[in-house]
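Participant: Residue-level listing of the chains:
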Amino acid sequence: MNVIESGLGELTQPLDIDEFRRWNREKSRVLVDKLMTEEEAVSRFVYDGCYLGTELYGTVRCPMTLVREVVRQGKKDLRLAGQGVTELDLLLAAGLVKTLDITYIGLEVFGTSRALRQAVESGQVEKVVEWSNGGITWRFKAASMGVPFIPVRSMLGTDTLRYSSAKVVECPFTGQKVCLIPALVLDVGLIHVHQADRYGNARIEGISGFAFEMSRASKRLIISAEEIVDTEEIRRYPDRTIIPYYLVDAVVHAPFGSHPGEMVYLYERDEEQLRGWVEASQTVEGTQAYLHKYVYGVADHEQYMDVVGRDRLASLKAAVEGR
Amino acid sequence: MNVIESGLGELTQPLDIDEFRRWNREKSRVLVDKLMTEEEAVSRFVYDGCYLGTELYGTVRCPMTLVREVVRQGKKDLRLAGQGVTELDLLLAAGLVKTLDITYIGLEVFGTSRALRQAVESGQVEKVVEWSNGGITWRFKAASMGVPFIPVRSMLGTDTLRYSSAKVVECPFTGQKVCLIPALVLDVGLIHVHQADRYGNARIEGISGFAFEMSRASKRLIISAEEIVDTEEIRRYPDRTIIPYYLVDAVVHAPFGSHPGEMVYLYERDEEQLRGWVEASQTVEGTQAYLHKYVYGVADHEQYMDVVGRDRLASLKAAVEGR
Amino acid sequence: MGEPAYNSTELLICIAARQMPDSVTAFIGTGIPMLAASLAQKMHAPNLVPVFEFGGTGAQLKKLPRAVGESRTFYRGVAASGICDIMETAARGFVDYGFLGGAQIDPYGNLNSTIIGPQHHPPKVRLPGSGGANDVGSLCWRNIIIIRHDKRRFVPQVDFLTTPGYLTGPGAREDAGLPPDSGPYRVVSTLALLDFEQDTKRMRLLATNPGVTVKQVIENTGFELVVPDRVGQNEPPSAEELRILREEVDPERFYI
Amino acid sequence: MGEPAYNSTELLICIAARQMPDSVTAFIGTGIPMLAASLAQKMHAPNLVPVFEFGGTGAQLKKLPRAVGESRTFYRGVAASGICDIMETAARGFVDYGFLGGAQIDPYGNLNSTIIGPQHHPPKVRLPGSGGANDVGSLCWRNIIIIRHDKRRFVPQVDFLTTPGYLTGPGAREDAGLPPDSGPYRVVSTLALLDFEQDTKRMRLLATNPGVTVKQVIENTGFELVVPDRVGQNEPPSAEELRILREEVDPERFYI
Chain A
4 MNVIESGLGE
14 LTQPLDIDEF
24 RRWNREKSRV
34 LVDKLMTEEE
44 AVSRFVYDGC
54 YLGTELYGTV
64 RCPMTLVREV
74 VRQGKKDLRL
84 AGQGVTELDL
94 LLAAGLVKTL
104 DITYIGLEVF
114 GTSRALRQAV
124 ESGQVEKVVE
134 WSNGGITWRF
144 KAASMGVPFI
154 PVRSMLGTDT
164 LRYSSAKVVE
174 CPFTGQKVCL
184 IPALVLDVGL
194 IHVHQADRYG
204 NARIEGISGF
214 AFEMSRASKR
224 LIISAEEIVD
234 TEEIRRYPDR
244 TIIPYYLVDA
254 VVHAPFGSHP
264 GEMVYLYERD
274 EEQLRGWVEA
284 SQTVEGTQAY
294 LHKYVYGVAD
304 HEQYMDVVGR
314 DRLASLKAAV
324 EGR
Chain B
4 MNVIESGLGE
14 LTQPLDIDEF
24 RRWNREKSRV
34 LVDKLMTEEE
44 AVSRFVYDGC
54 YLGTELYGTV
64 RCPMTLVREV
74 VRQGKKDLRL
84 AGQGVTELDL
94 LLAAGLVKTL
104 DITYIGLEVF
114 GTSRALRQAV
124 ESGQVEKVVE
134 WSNGGITWRF
144 KAASMGVPFI
154 PVRSMLGTDT
164 LRYSSAKVVE
174 CPFTGQKVCL
184 IPALVLDVGL
194 IHVHQADRYG
204 NARIEGISGF
214 AFEMSRASKR
224 LIISAEEIVD
234 TEEIRRYPDR
244 TIIPYYLVDA
254 VVHAPFGSHP
264 GEMVYLYERD
274 EEQLRGWVEA
284 SQTVEGTQAY
294 LHKYVYGVAD
304 HEQYMDVVGR
314 DRLASLKAAV
324 EGR
Chain C
202 MGEPAYNSTE
212 LLICIAARQM
222 PDSVTAFIGT
232 GIPMLAASLA
242 QKMHAPNLVP
252 VFEFGGTGAQ
262 LKKLPRAVGE
272 SRTFYRGVAA
282 SGICDIMETA
292 ARGFVDYGFL
302 GGAQIDPYGN
312 LNSTIIGPQH
322 HPPKVRLPGS
332 GGANDVGSLC
342 WRNIIIIRHD
352 KRRFVPQVDF
362 LTTPGYLTGP
372 GAREDAGLPP
382 DSGPYRVVST
392 LALLDFEQDT
402 KRMRLLATNP
412 GVTVKQVIEN
422 TGFELVVPDR
432 VGQNEPPSAE
442 ELRILREEVD
452 PERFYI
Chain D
202 MGEPAYNSTE
212 LLICIAARQM
222 PDSVTAFIGT
232 GIPMLAASLA
242 QKMHAPNLVP
252 VFEFGGTGAQ
262 LKKLPRAVGE
272 SRTFYRGVAA
282 SGICDIMETA
292 ARGFVDYGFL
302 GGAQIDPYGN
312 LNSTIIGPQH
322 HPPKVRLPGS
332 GGANDVGSLC
342 WRNIIIIRHD
352 KRRFVPQVDF
362 LTTPGYLTGP
372 GAREDAGLPP
382 DSGPYRVVST
392 LALLDFEQDT
402 KRMRLLATNP
412 GVTVKQVIEN
422 TGFELVVPDR
432 VGQNEPPSAE
442 ELRILREEVD
452 PERFYI
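Chains as they are written, first to last, in the numbering used here: chain A, 4 to 326; chain B, 4 to 326; chain C, 202 to 457; chain D, 202 to 457.
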């Protein structure tokens, strides 16, 4: 294949679809109970140096309970696929990130991320490879399709491509230039959902972000769920399952698992705590104080909810708009 | 791009993604009432020589009311994407097909299709290009992604590829050989769904086949629906919309629109009539008699239901299994 | 008590069902594979996960599907998605077994279900085409081929290579770009059970069906079979297999 | 009666909103684009269809979204899918308008939101990165850039080309493989409204904001602007625009 341009960025995760096939061949096809605590899920499946990904984005349906547990356990040298606000900011602030396939890490309306600036400008994050949001999701999509790449018409002509690990080739059918996006297989994916059964069959309400693609691009997949439902319910409406159980390694019951972010139809985002993080993260001391209060200083998600305050959580639930 | 092998099959529909973009740019973004009769929908949007596609497959959620109308209006020289049982068999039997991108046309458990044999072996169908089921769907998927091709690991090493219009190249990331499947943009797509509003926002229950991909790969899209629902219902559950209105050109209300096939949760398939077609299609006379009884001889879908018999239709409804 | 009477379809179903271990995923097409999967699920493989081309995953096969997309392919399943999801699940290596059929098979397990005759178009005889078979044959780990056994079907070279077996022999699948370690696993024919020799990837006789001799198998095969010194004998359908098949799998006698 | 008082954010929102005709689809990012789309929908463009990156289509923007994926991006929408569907909808040519911002812009409308300084890693200043901007800039038909106007931002060459404008000039987008006839359409800055000259694809002054002179615009631009003989003047926000903006679009004063 005649390559016109190759991005300078390294593949921070080696690309081997056949190895992914072999891995998937070994995964169990049996319905077994995977319900466990976040402590157990993270200690069993997340490891130093692994390539980690989270879904969704910003303050929306992020796997915050799982990410806080990763920080609590101090899993380090992480390679990350980055688009996020509060979730990746925590990992960066805690100094756990070694390489970054970045698309956007910022605090949206609250501005840029101090944690990102500190970690990247200091060189603490050793490698940074650039992508667009579409680009990184298409990487998951390629992996989910079991192919080494997919062509897109984005990123072309830019430094985003130049500092990515994408390539430009000529389409053999039309002669037009297309950008080839290499597949990204995660060692571990973390996804928070509305409902799951104890085997891992999972459902999401509202927009589905990139849960479909990322769940299928993960060698290990940890699901946290607002609600654990009976498999009978799953079998009654099989068309609502977005993640089938065989993809899943652990199921964690985590009501308010996206807090301080939101969960559509269930609870609103917690403006006060989000602003609290923005402020705290401006300084090293503030960052440490925040992490101590909400992560290191609490044993688990139950205690986290106590610290946040059950009344406050109830008020976020009450604030939800209808359909 | 260094091409290792090129399928001998012609692209029976020219491949031009930029032209597809220009076409889509002109489609209306406004919510306008598109409810019309099948007669109006087919006469306005289906034309002699157009490239036509149908979804789903076999005896399941096929757009039979729309296909019968195409036959009734005698739209000819059709180019078709083929996987089907009763729906494409009718078009072949009526002698309306000029070229065929085929994957499977047969009567499943009832055996091979006489209509296909006659039309292809006689040379009446002028060109036949081979694909796998995955292959033809990936063609729609490529178009739905707005790209000229996608790579897959199927069809490689076979005559199916040799007589397709796919190509084999070396992956520039891994060196492995992959099959590139060219995008297929339909002039007209026909899809039957459970529910739609009058603007075209549509829902499907149970498996979704390739409705997502094909709806997004069609320049014109005619939806027939078992039920017309209020847009209020669509807006309450936007995550259940599989086809958004702006893709749609016409909405036809067609209860039992998949008959003699089935519609999950609504009615069972009509074994008797299916077997009737299998038998009738063995001879020219039988075929003509069947077409006369169920297509040419009835004015519209309402009359079709009368001919089939309202009691029989009611019994198919009654036979449905629960969830 | 003598052995129970059975017909050849019932025998094929029983032998095919026995090839499937428990706790695997299997890509199920119309007809005999459906019955075999259902029989296996009710006999020795309660954790068998059927996967159907147009989106059904993990259905409980209480009633027999009559088509690959129909309601029963996801009845009480764990997921009902679409064809791309299923094919791509196979591409990712999640589908252990596939079932294939065809009008012709060659020594390497390549299959033809497209045309009969030397010319592609117009052909002497037009068959239905690949359907999902090429994808199944390309992407599943182990494929079981179910086919009537005679010289017209077991041919030295297929008229049209619709679905890949081992292509031209060892290494050929990998050379073509197909996923390593995948390919045909067993041939369940009306006369025998066969597999493919490790070194040559040529079809090998494993066991003959009840009442069938090795000689008969050889005579009805249009190419040279690998015949080992010891050839086994397939057990006829047991009374239990037949009871379940007739009373639970296909009580409406849609197929058998 | 004098003209109503307004702040610079309100002015940007009003001018951006006026660029959007009715009955178009618009890819909406966080912040000012959300307010502009909402204002347009309530003023002159009741059929404006907002499209949000992570899946929302056709939401009724009764309440203002605070993030690109949040509930309000599909509140009473016609569809709620995922990011691939939205990006690919843009790739197919279904998204008419996009909104972009950045830390730097060059004469061809190329944008930088990745780093400041000459070196990619480690950088002098790390910015958030492309996010969806590169996709929007690549795939939507017409892009509206909203940006503060000063010499640090309007530069001859961006430190990092995050999001494509017209790249190096006429034909360069097409040469790079980007879809024909797409690209930057307007720049709505704190000082002026600008577009791109047809022949050169260089930024051109269309109209100055209230109280701003052409000279001021030129002085605050770090490259040579195309300045036509006749430069218009943007109308200040009308009382009606301000009322809707303050009372209906952002009554919680989240942004303004």
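It is worth saying that the hints were derived from the structure and are not from the lab. Check before you lean on any hint, since a few could be wrong.
In silico BS3-like cross-links for lysine-lysine, where the CA-CA straight-line distance does not exceed 27 Å [what the hints assert, rightly or not]:
#	chain 1	residue 1	chain 2	residue 2
1	B	K296	B	K320
2	A	K130	D	K325
3	B	K296	A	K180
4	D	K263	A	K320
5	B	K320	C	K263
Note that the coordinates shown come from a computational prediction; the quantities given were computed from them, not determined experimentally.
Participant: Evaluate each hint against the coordinates.
Facilitator: A quick look at each hint next to the structure:
1. B:K296 - B:K320: holds (23 Å)
2. A:K130 - D:K325: OK: K130 (chain A) and K325 (chain D) at ~15 Å, within 27 Å.
3. B:K296 - A:K180: violated (53 Å)
4. D:K263 - A:K320: Judged against 27 Å, a Cα distance of about 20 Å means the pair holds.
5. B:K320 - C:K263: Holds, at roughly 20 Å.
Against the hints set out earlier in the document, a violation occurs for number 3 only.
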